[in-house]
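Asker: Residue numbers (UniProt numbering), protein chains in the order written: chain A, 1 to 348; chain B, 1 to 348.
None of these hints come from the bench; they were simulated from the model.
Bear in mind that the values here come from a model prediction, so they are computed numbers and not experimental data.
You may find that some hints are simply not true.
[As the list claims (entries may be wrong)] Which bits of chain A does chain B cover? Going by a derived footprint, with three or more residues having C-beta under 8 Å, they are:
| # | stretch |
| --- | --- |
| 1 | 107-113 |
| 2 | 135-142 |
| 3 | 149-162 |
| 4 | 222-228 |
| 5 | 251-264 |
| 6 | 321-334 |
For every residue, glycine included, the Cβ atom is placed at its ideal position computed from N, Cα and C.
There are 2 protein chains.
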Amino acid sequence: MTTIDPDRRSCPAPAAETERVLLGHGSGGRLSADLLAAAITCELGEPGPLEDAALVGRDLVVSTDGFVVTPRFFPGGDIGSLAVHGTVNDLAMRGARPIALTLACILEEGLPQAELRAITASVAAAASGCGVRVVTGDTKVVSHGAADGCYLTTTGIGELLPGAVPSASGGKPGDVVLLSGPIGAHGTAILSVREGLEFESGIRSDSRPLHGLVAAMIETGGPDVHALRDPTRGGLASALNELAEASDVTVEIAEADIPVPAPVAAACELLGLDPLHVANEGCLVAFVAPGSADAILAAMHGHPAGRDARAIGFLRPSGGPAPVVARTLVGSTRIVDLLIGEQLPRIC
Amino acid sequence: MTTIDPDRRSCPAPAAETERVLLGHGSGGRLSADLLAAAITCELGEPGPLEDAALVGRDLVVSTDGFVVTPRFFPGGDIGSLAVHGTVNDLAMRGARPIALTLACILEEGLPQAELRAITASVAAAASGCGVRVVTGDTKVVSHGAADGCYLTTTGIGELLPGAVPSASGGKPGDVVLLSGPIGAHGTAILSVREGLEFESGIRSDSRPLHGLVAAMIETGGPDVHALRDPTRGGLASALNELAEASDVTVEIAEADIPVPAPVAAACELLGLDPLHVANEGCLVAFVAPGSADAILAAMHGHPAGRDARAIGFLRPSGGPAPVVARTLVGSTRIVDLLIGEQLPRIC
């Protein structure tokens with residue numbers, strides 16, 4: 001039981017220029033972190049950021065996620081499959097396999113029922129593909145103009161895998177940084193549709209469940225899998241910054257080792273995006289003990305979602321210019337920062 | 001694990017006139033049931049309606065609810081406290097005490113941060129009052145005009161109380177119908193604010209947690225507490241109809257025994273509402289074995305939320321004109337039907 005901190009009212013005041021909620025507060029980057037700290041976790045009486053998924057009791061993991069992606073249907077998925085995969089993946093990043101999902105829908109008056117059915121069917125298909133069932137739900141309808149079609153919130157309940165201990169704060173100096181596959185597909189797929197480029201680019205979202213991949217990693221590495229994160233909103237850069245801060249380490253990655261598919265690289269160049277900041281929905285980054293890194297990597301290669309896994313860097317003690325730095329292609333070092341504000345609103 | 005029913009595509013087609021989602025689909029009445037059956041549960045491959053809260057494993061209960069109430073602050077509560085109480089109560093109706101909550105926010109660009117803080121603080125205070133903590137959450141921001149200020153989705157995880165077996169389908173002919181207190185306050189409080197009548201009416205929402213009351217009932221009645229439901233959207237009439245259908249019984253209530261506070265009755269008359277259809281957020285209806293009814297009622301009287309509890313009717317075998325009938329004040333019998341469409345949009 002939490003009692004409210006009597007000093008709660010001393011939560012930091014918002015700066016004058018951000019006294020209203022901005023689109024950038026939903027970016028997954030620095031502004032998001034600031035809003036959460038000032039208006040959510042502090043008011044809830046929490047000392048620090050909440051993890052994407054929380055441990056309840058000894059072996060239960062819970063995660064919740066809202067989905068407001070636009071367009072609702074995109075190459076490689078839709079809001080329904082994305083909601084299931086996103087929530088299953090948040091559980092997986094805490095080392096849990098999913099055992100139940102809930103689904104809350106906020107619908108705008110006027111949404112075609114056929115579209116709602118297609119979305120629900122996609123939820124069902126994705127859940128079935130993850131071996132989990134939607135056990136309960138809720139549906140609200142708001143008047144025309146008070147929402148944009150359909151928003152979903154999924155909550156996942158998971159059971160901790162035997163031997164699993166991954167936590168955002170689990171990284172240790174010397175750990176190897178593993179990335180399960182190429183980055184940038186989800187964000188560029190969504191943006192390609194919005195910009196009318198989907199046919200030229202041919203990019204499909206990488207949306208997919210990662211609990212099977214995580215199970216293979218944990219089976220091989222057990223407690224040597226120190227930290228896991230799926231780089232969704234804010235991209236790989238934000239995920240690495242969050243893990244680095246929570247683990248109190250410096251992450252050093254090599255730009256040359258980050259796989260960016262050619263069409264994604266081209267789309268990013270065209271649209272002025274840094275692939276490190278673009279959202280993903282089907283890959284993960286891991287901090288693992290150096291002694292087990294090769295074995296864990298081999299286990300990842302044996303799973304379809306980890307076929308292209310590779311080591312992209314390592315952890316050093318904290319200190320230095322920034323929590324995350326990258327060795328560039330020309331041999332210099334650059335800071336890999338959180339995105340400040342909004343790059344791609346409503347990407348998930 | 002659910003596999004998708006290959007006949008899923010044979011889900012009933014929506015009637016032509018309702019091929020879009022209507023406000024009435026969010027009423028909690030007949031249209032809601034139709035939309036859920038056609039577009040949600042059928043597509044999910046479920047044989048029937050999902051319960052408000054689901055049993056997971058042996059003793060875990062999960063419930064999820066979206067909150068879109070307008071105005072966000074009203075006499076007796078706000079969207080934050082309402083979200084916590086609503087979710088805690090859904091768990092309680094399955095006989096569970098809350099052990100964790102999650103909170104997902106969908107925010108509209110431009111929402112004053114001070115308002116978000118007040119809402120979050122209210123969530124925290126309500127959760128603390130229920131002895132439970134918000135363990136994880138999510139925040140999305142959509143552009144101005146793509147939501148109306150702030151929507152919350154709360155999910156609750158609960159632990160089944162020892163001896164608790166209540167289920168919507170648990171009612172048996174001969175059971176006594178108990179009501180924990182007066183009805184109609186929440187819906188009329190909200191509507192009074194919208195109509196600018198709040199000062200004249202003085203009505204406050206009855207929003208409050210009911211898990212303590214349920215614990216007292218279960219402690220006394222154990223498995224004799226057959227079914228519980230909090231009559232929220234759609235009011236007492238919808239709650240009784242849903243329980244009657246799920247339990248395959250006829251509910252007979254006496255109008256004279258339904259407590260409607262005088263200000264609520266006056267507001268309902270002014271606004272053209274039937275108190276039986278008005279939403280509540282702080283009372284419950286129970287089907288209990290006749291042999292334990294007096295003892296359970298006495299236990300309810302010992303709890304602040306059940307001080308005015310009373311027996312309002314009994315269950316008969318199904319059959320007859322309708323699932324729920326009321327003996328009127330003049331001695332005749334009338335059908336108590338589900339609301340068809342929308343009475344009060346965005347009441348919770």
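Asker: Honestly, which of those hints from before does the structure not fit?
Answerer: Structure breaks hints 4, 5, 6.
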